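Chain residues, written in single-letter form:
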Amino acid sequence: MMNLAIEVQGLRVVRGGNPVIPGLDVQIPRGSVTGLLGPSGCGKTTLIRSIAGVQVVKAGTVTVLGEPAGSPTNRGRVGYVTQASSVYSDLTVRQNLDYFAAIYGAAQSSVERVLEEVGLADRGDSLTGQLSGGQRTRVSLAAALLTDPEVYLLDEPTVGLDPVLRRDLWQLFNRLADEGRTLLVSSHVMDEAERCHQVLLMRDGGLIAHGSPDELRAQTGADDFEQAFLTLAERSAA
Amino acid sequence: MTRTLATARRVLQQLSHDRRSVALIVLMPSVLLLVFRYVYDSAPVVFDRVGPQMLGLFPLIIMFLITSVTMVRERTSGTLERLLTTPLQRGEFIGGYALAFGVAALVQSLVSSAVAIWWLGLDVEIPWAIVLFAILDAVLGTALGLLMSAFAATEFQAVQFMPLVVVPQILLCGLLQPRDMMPRVLEVISDVLPLSYATDAFSELATADGFNATMTRDLGLLLGFVVASIALASLTLRRRTA
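Residue numbers (our numbering), protein chains in the order written: chain A, 1 to 238; chain B, 1 to 242.
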């Protein structure tokens, strides 16, 4: 039990009368990178919000690090990065990070460390609103890195980034997992499955597959994940 | 406490990047007072009687608007949702806002009171009490803005709460007609509106020689309204949303 970072049982979420997640179970082990893949609107963000403890859920339990999702103890141990870069566009990058460092009680020195980690060391004094979308996303990610949480919930952190940066970020995610952190990373780019320890394929609010990239390839006989997703989606529909 | 201060500092930093808003906050009440003064150029007595009211009213309106729009922005940008997943407490968050805009209110009130008293020749016996109530009114505007922002889904709606929340109070506060001369129903309504007590205090200040019991009562009631609004506002921050 203790090697599970996240455990979701019978999760049901209804938004505006529609069952966005009709009923979902999943277990995510500690020290791993889990990719949450699926098309836009399939419920990825709702699932991540439920695990972060900010989503009103209809039924089911979500346990993170042995505590109910969103519990006060978890607030310093779980880093949640929303899809829209939730940082202040009218502050400089460093002012944003100084603020989040103060909230988390992190040392001021960690601000320079995380700027380095997300490749924004030279943009510390830029106004966040004047950065590109991808740079803003990295400021948002940097704010989560400040506290060195045990669990990272990252909603589409690599969207719109150039391939070099995407590779660097995935290397960072894998390094964090090697250090024992647990990462749940959503993406609608199927090829990013390759860089994860395990992959959750989501469609219409349910999981259509769960396994390592190799297992999913073996199951479907497909080489690329775009094709694997199609095969699995057709099978689950049949 | 550190997180409250950090939040206040962050809000002021955001404000400092917006020079135009800073200029508007600091100078606008003074400019409006100036206009008001010359509207009654031929009857300076009226300015002495109603001027102090304006000194309290303008900051309330301006701080209400600024606070509610800023808070709606915080709610819609996702930053509030994120902050609520951190160790930051709701009271610390709201307290930080109240503190930051309280500082802005202090600067604004000092400037507008100085302009009114020394430049426009507003005749009052206890200028420090004018400043005190002007600050309190501005903080009240902030507190009401924090509370009302919970009911606005967009910045557009937040701006429209101004006529809803502030204008009825202006009509009923005793500025246009003494409250005890209004129909009973309106008088009872005005009893529970904070601006009535602010107006009452400024009316006293316009004529009184010293700080009297009425002002002490008004001060206490206004502080009560501020604390109650801030407490209610922090209850409107929901960690979980649909």
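Think of the hints as simulated: they come from the structure by calculation, not from any bench. Treat the hints with care, as some may be off.
[Unchecked claim] Distance ranges between label pairs, derived from CB positions:
#	chain 1	residue 1	chain 2	residue 2	range
1	A	T61	B	L221	46 to 54 Å
2	A	R30	B	L5	53 to 61 Å
3	B	L5	A	A222	32 to 40 Å
4	B	V35	A	R113	24 to 32 Å
5	B	G224	A	T61	39 to 47 Å
6	A	N18	B	T76	45 to 53 Å
7	A	S109	B	W119	24 to 32 Å
8	B	A228	A	S109	53 to 61 Å
9	A	G31	B	V167	54 to 62 Å
10	B	V159	A	E215	48 to 56 Å
11	A	R113	B	W128	47 to 55 Å
12	B	V159	A	T73	36 to 44 Å
Since the structure is predicted, the reported quantities are computational estimates derived from the model, not experimental observations. Glycine included, each C-beta is placed from N, C-alpha and C at the ideal position.
Right, here's what the structure says about each hint:
{"no.": "1", "hint": "T61/A - L221/B: 46 to 54 Å", "in the structure": "47 Å, holds"}
{"no.": "2", "hint": "R30/A - L5/B: 53 to 61 Å", "in the structure": "35 Å, violated"}
{"no.": "3", "hint": "L5/B - A222/A: 32 to 40 Å", "in the structure": "55 Å, violated"}
{"no.": "4", "hint": "V35/B - R113/A: 24 to 32 Å", "in the structure": "54 Å, violated"}
{"no.": "5", "hint": "G224/B - T61/A: 39 to 47 Å", "in the structure": "42 Å, holds"}
{"no.": "6", "hint": "N18/A - T76/B: 45 to 53 Å", "in the structure": "22 Å, violated"}
{"no.": "7", "hint": "S109/A - W119/B: 24 to 32 Å", "in the structure": "49 Å, violated"}
{"no.": "8", "hint": "A228/B - S109/A: 53 to 61 Å", "in the structure": "42 Å, violated"}
{"no.": "9", "hint": "G31/A - V167/B: 54 to 62 Å", "in the structure": "59 Å, holds"}
{"no.": "10", "hint": "V159/B - E215/A: 48 to 56 Å", "in the structure": "55 Å, holds"}
{"no.": "11", "hint": "R113/A - W128/B: 47 to 55 Å", "in the structure": "49 Å, holds"}
{"no.": "12", "hint": "V159/B - T73/A: 36 to 44 Å", "in the structure": "40 Å, holds"}
Hint compliance for this structure: hints 2, 3, 4, 6, 7 and 8 are not met, and every other hint is.
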